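Enquirer: Take a look at the letters that make up each chain.
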Amino acid sequence: MDEQSKVSTVDVDRAPVIEPGYTFGTVTEKISAIVLTRPASNGWFVGFGIGFMLTMMLLYAIGYLFLKGIGIWGVTIPIGWGFAIINFVWWIGIGHAGTLISAILLLLRQSWRNSINRFAEAMTLFAVACAGIFPAIHVGRPWLAYWLFPYPSTMGVWPQFRSPLMWDVFAVSTYATISALFWFMGLIPDFATLRDRSNKPALRIVYGMLSMGWRGSARHWHRYETAYLLLAGLATPLVLSVHTVVSFDFAVGIVPGWHTTIFPPYFVAGAIYSGFAMVLMLAIPIRKIYGLEDFITERHLQNSAKVMLATGLIVAYGYGIEAFMGWYSGDRYDAFTIWNRLHGPYAVPYYLLLICNIFVPQVLWIRKLRASPVALFLVSGVILVGMWLERFIIVSVSLSRDFLTSSWGMYYPTRWDLMTYIGTIGMFLAAIFLFVRILPMISIFEMRTLLPEAEVKE
Amino acid sequence: MKRDPIYGMMAEFDSATALFDAARSTRQAGYSKIDAYSPFPIEGLAEEIGAPHDVPLVVLIGGIVGGLTGYLMQYWMSAVDYPLNVGGKPAHSWPAFIVITFEMTILFAGISAVFGMLALNGLPMPYHPVFNVPRFALASKDRFFLIVFSSDPKYDAAGTRVFLQGLQPRSISEVPS
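In order, the protein sequences belong to chains A and B. According to the numbering used here, the stretch in the first sequence is residues 1 to 458, in order. According to the numbering used here, the stretch in the second sequence is residues 459 to 635, in order.
Simulated from the structure, these hints should not be mistaken for lab results. Only a predicted model underlies this, so the values are computations on that prediction, with no experimental measurement involved. Just so you know, not all the hints are guaranteed correct.
Said to hold, decoys possible - Derived BS3-like pairs (lysine-lysine); straight-line CA-CA distance at most 27 Å:
1. B/Lys547 / A/Lys457
2. A/Lys30 / B/Lys599
3. B/Lys599 / A/Lys200
4. B/Lys491 / A/Lys288
5. B/Lys599 / A/Lys368
Just chain A, same shape as in the assembly (with noise of 0.2 Å):
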């Protein structure tokens, strides 16, 4: 609090979080206006329709896919994952920046997170759905992914527990539990709000019902308060664990280029990093549309940038120690696999993953970019770009090329697997685009507890 009231409005790195003049009322009439009154622009109904046939899209090559079995993918023996795994691991780190944002930054009493915090949970809801639906897909017979789950069968046995693909079952399904739970909990104030601002009954009743009653008494907000505060406590762990375990499927593998201690808490940078970029890729045009420039601030985007600087600066250490480590081990086949990813049959990715994840987010030392939008927006695709070939260089150049020549081979997506994917990158913008309509995208009742009049004088 002392650092805010030391704001100056020259220094743009301590840019206020609120911009001033607003009161309770108007924040919330805001924020609520754009779900109760606003009509829908027909740019909003020309993005949302992309999104949707691009869902639609997504489900002829599901549909398909079910038909014919996973053939019609670029996968092969000796690369068995492709696609579906590197956009499982690109889709989940990016939700990740979700959870940072609204668990990890309320424990380290971050105020600036409450005007972004709602969105980039909800970012992460939508990122795990198109991440859940890769292994499930990936499985062979995906009408028996459930066998994932221990359930009593008639054949009697249970889960390989010891294996890290049993682990991610876990991990996964108790991040997006949690993640959903955490996002509703949030909501329910701001349901109140909406049930009491609206003037149609339908959905008052709507919004009555998702608000369970709320009616802000001080011991239920008590109550709350403690239990909002213990879950981000919760979520903080959970969400550096299930990159790790999602790491472990490769790093427990004895597979050159898998097999390092590295790879969790790079894996974890990674993600945040990637999550940033698609926090910001999302929040440049929604504040601007929306008219939004006076709760998501300069201050927004220049914390953002400076978080993927430094998660940037962790990754390119961890390809760094990679490196390293390939020739300081000995070991022939790392070695080998460092000489691969430079000048073997995938250098050129390789080239583009470094210039994509190190060399241009370096331009966000210049503060000067640091404050506009449009560079960051294109600096954030760039990321974006750079983590989703990272992941692709890490799943294809090691299982192309291992232990022994004989069983080399190269992986070529096809256009079921490009089509899969575009497909789950419309289904995340159709579902933003969705929630922008119909759920306040920013919480209203953290931006109230961020006003100067919040605070009880005595």
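Following the hints, complete the assembly by docking chain B onto the known chain A.
Expert: What follows is chain B alone, placed relative to chain A:
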């Protein structure tokens, strides 16, 4: 038991500070069954009203149950019900069971936090007497309300109204139940 036709007396305030001070004065005046409503959590207000600190215990129990469930499930399935030799590893290979034990701890504790909070708050409850006051719709926007329940031993319609008037509220209304 016959229900009192009056649920309580409600006063409306303009600011968080006014509500906080009013809650403190009401407590000091000897009223014990009161509640306050605000559009956002106000620090320290719950202590003035007298709120139990019961959520953490629920979460702790949830976490312990989750952790035990996670570990014992894996132990029973892999070492008791159907021991399977995978790569010569022991049936009870406990280090491999830690990850799922951890995830189940978080899962159960998190579910206990959210549903425990709702249950202890008596939610969902779509209908409540305070909603009978039309101005109460502002409690989710920018107004602050204090209520003295009619079940309070010190409650009497006229006296409580006079007392609340002394706190200089914006308005006072009787809440029918």
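Enquirer: Going straight from one Cα to the other, do B/Lys491 and A/Lys288 come out at no more than 27 Å?
Expert: violated, 48 Å
Enquirer: Regarding the pair A/Lys30 and B/Lys599, is the alpha-carbon distance no greater than 27 Å?
Expert: Holds: A/Lys30 and B/Lys599 sit about 12 Å apart, inside 27 Å.
Enquirer: Holds or violated: B/Lys599 and A/Lys200, Cα atoms, limit 27 Å.
Expert: Distance of about 18 Å is within 27 Å: holds.
Enquirer: Given the hinted pair B/Lys599 and A/Lys368, is their Cα-Cα distance within 27 Å?
Expert: Violated, because 38 Å separates the two Cα atoms, which is more than 27 Å.
Enquirer: Holds or violated: B/Lys547 and A/Lys457, Cα atoms, limit 27 Å.
Expert: violated, 64 Å
Going through the hint list in order, the structure does not satisfy hints 1, 4 and 5.
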